[in-house]
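Student: Each chain is listed here by its residues.
There are 2 protein chains.
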Amino acid sequence: MSEKSIAIVGATGAVGLEFISVLEKLNLPIKNLKLLASKRSAGKTLKFKQTGIPVEETTRESFKNVDIALFSAGSSISRLYAEDVKNSGCVMIDNSSAFRMDADVPLVIPEINPQDALKHNGIIANPNCSTIIMLMAVYPIHKKYPVKRIVLSTYQAASGAGWEAMEELRKASIAYLNDQPFQQTIMPHPYAFNLFSHNSKMLENGYNEEEMKTFKESRKILHDDNISITATCVRVPIFRAHSEAVNMEFHNEAPSVEECKTLLDEFPGIKVIDDRKNNHFPMPNEASGNYDCLVGRIRKDESLPSKAINLFVCGDQLLKGAALNAVQIAKLLV
Amino acid sequence: MSEKSIAIVGATGAVGLEFISVLEKLNLPIKNLKLLASKRSAGKTLKFKQTGIPVEETTRESFKNVDIALFSAGSSISRLYAEDVKNSGCVMIDNSSAFRMDADVPLVIPEINPQDALKHNGIIANPNCSTIIMLMAVYPIHKKYPVKRIVLSTYQAASGAGWEAMEELRKASIAYLNDQPFQQTIMPHPYAFNLFSHNSKMLENGYNEEEMKTFKESRKILHDDNISITATCVRVPIFRAHSEAVNMEFHNEAPSVEECKTLLDEFPGIKVIDDRKNNHFPMPNEASGNYDCLVGRIRKDESLPSKAINLFVCGDQLLKGAALNAVQIAKLLV
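If you read the protein sequences in the order shown, they are chains A and B. Here our numbering is used: position 166 in the first sequence is 169, and no number is missing along the way. Here our numbering is used: position 204 in the second sequence is 207, and no number is missing along the way.
Be aware that one or more of the hints could be misleading.
As the list makes no split between identical chains, a pair holds if one copy fits it or if it spans any two.
Stated by the list, open to error - Here are the computed lysine-lysine pairs in the DSSO-like style, where the Cα-Cα straight-line distance is at most 30 angstroms:
hint	residue 1	residue 2
1	Lys42	Lys310
2	Lys50	Lys67
3	Lys28	Lys151
4	Lys219	Lys151
5	Lys34	Lys151
6	Lys174	Lys280
7	Lys219	Lys310
Since the hints were derived computationally from the structure, they do not count as laboratory data. Just so we're clear, the structure is a prediction, and the values are computed from it rather than from any experiment.
The task is simple: from the sequences and hints, build the whole structure.
Tutor: Okay, here's the thing in structure tokens:
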């Protein structure tokens, strides 16, 4: 592997900071690391492998001599610099939704469709966090027993809306516990000890964008237009790990619970936690900071026993849901 | 309506206190109110309609001259006194699961099967909280368009495990926010900013008791053995209102979203909150303290558009999930 020059755009955000930590842990061969952010954050210094690196303001010139640029600064920033990145001969790995559904942009989960990453035209998209975490649990089974329909309910953490949302959850909770008033500015609804329908844009069909992403992105990643997904996406007062209740109906007969466990156990990036005796199943507190997605509650659906199963998955939104998946994509390129 | 003598067993518990408040609000004709609890709580004084009432220790003699006894002190206490209650000519309205599935014990949601309440043999059971809140949202539609199968995911509050669990959530959250250690004693897992699979007993089939209650109790309440329910029950860090994501598949063609809204709007005890423009849907903070169950996110299931719909319901676990429903049953008897 030749050493690469890597840039992080949005380096001071919740995902940006995880990019730095994951680049260290996965030990990518890095020649040079460039930390980019908005003018407001420029001048800060962040640590990478014991060395302080100054954060620079992102400009159209930032991508010269950069091989891979990891973007996590929102769709508008990704769109703003996409041409500059491409013209510099650099590859953008984009955590935003800007290009995910573009026909010439691969949408990649390295454990599932690594081969797609190599067909890029300068941009590779990182899927939506809920989609990644769901498919990590679905794909090991789907690969052998094709899934026809998924009924999905999510329990999504604050981190999906950035560190400001995590901070709002913290501050709102402190105020609530002290019987103090609190006015939210990031989330549309009170977040302390409360939950609410996902705060993404509501569409004509009554679904929000987050819900439709799980459907559309899954079809693209799996290269399977015969899978359908109906989702209910909910924000819960949890800091950084998403949980998802997944009901999977198969085209043919459902595999046994034991076989599902074996298929999941053998899959990289998955840890099965399904200890019925001790009522120990996946939980956000154990998924947080964990590179693996935790899967459990694997059981036949008693309402459709020959055709469907239920399971529950937890994954760190900032890691496998964002930074880890993106750095794994980068690793496919080096 | 003739005045009744009413007893509350478990008067100092989370549901017990709501019994007192709901008895006041629903203005039942009460001749005498007796507050009963364990020896430990006896001697306390609680207020009912501006009058202090001393809490007495429950004994086998407690039910003499009592017409209706509202029980919420756990299954073992309900079992312990059931014969004494019946022998006193008193009717037990039991919030525990002790007798719910007994063939001669009606299981009643007053808006759904009030006629069953009158067929009692001294005991009427109050259904499980998740079941009540789910069926309040399902029945108005099911009555006209029979439901075949439900995929249910719950987001359940601490109150279902009593006020000790609510206190544990509060204390664990304070400790978490202050970076202090905390050892839980009520819940099996850390509760601060965390969620976990429902803490009821795990059964052979991989479902916990709470999940199987939603299935079995629904069939009994609806008098319909053709409805199947597969549930995933989860505790979330919320104090007192349950939320539930409900996917309903119909035997025949699904009704339109507009018709579902109309059917729900017209049903007593339901408030439709489905404001897509402002992303305002049912939330626990608005369901808490509310006698109505809140229903929204009503939409066609895009994975099965001619046959299924999704909706989201929130209800106060201590009110419609427990005390309110029980007092409404008492009202049917007076």
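Student: For every hint, state whether the structure bears it out.
Tutor: Against the structure, the hints:
1. Neither within a single protomer nor between protomers do Lys42 and Lys310 lie at most 30 angstroms apart by alpha-carbon distance, with minima of 54 angstroms and 52 angstroms respectively.
2. For the identical chains of this complex, Lys50 and Lys67 are intra-copy neighbours only, at 23 angstroms inside a copy versus 75 angstroms across copies, given an alpha-carbon limit of 30 angstroms.
3. Taking CA atoms no more than 30 angstroms apart as the test, Lys28 paired with Lys151 passes in neither setting, with 37 angstroms inside one copy and 50 angstroms between copies.
4. Taking the shortest alpha-carbon separations for Lys219 and Lys151, both the intra-copy value of 14 angstroms and the inter-copy value of 27 angstroms come in at or below 30 angstroms.
5. With identical chains, the CA atoms of Lys34 and Lys151 are never at most 30 angstroms apart, being 45 angstroms at best within one copy and 60 angstroms at best between copies.
6. For a Cα distance limit of 30 angstroms, the shortest separation of Lys174 from Lys280 across copies, 27 angstroms, qualifies, whereas the shortest one inside one copy, 37 angstroms, does not.
7. For a Cα distance limit of 30 angstroms, the shortest separation of Lys219 from Lys310 qualifies both inside one copy, at 23 angstroms, and across copies, at 21 angstroms.
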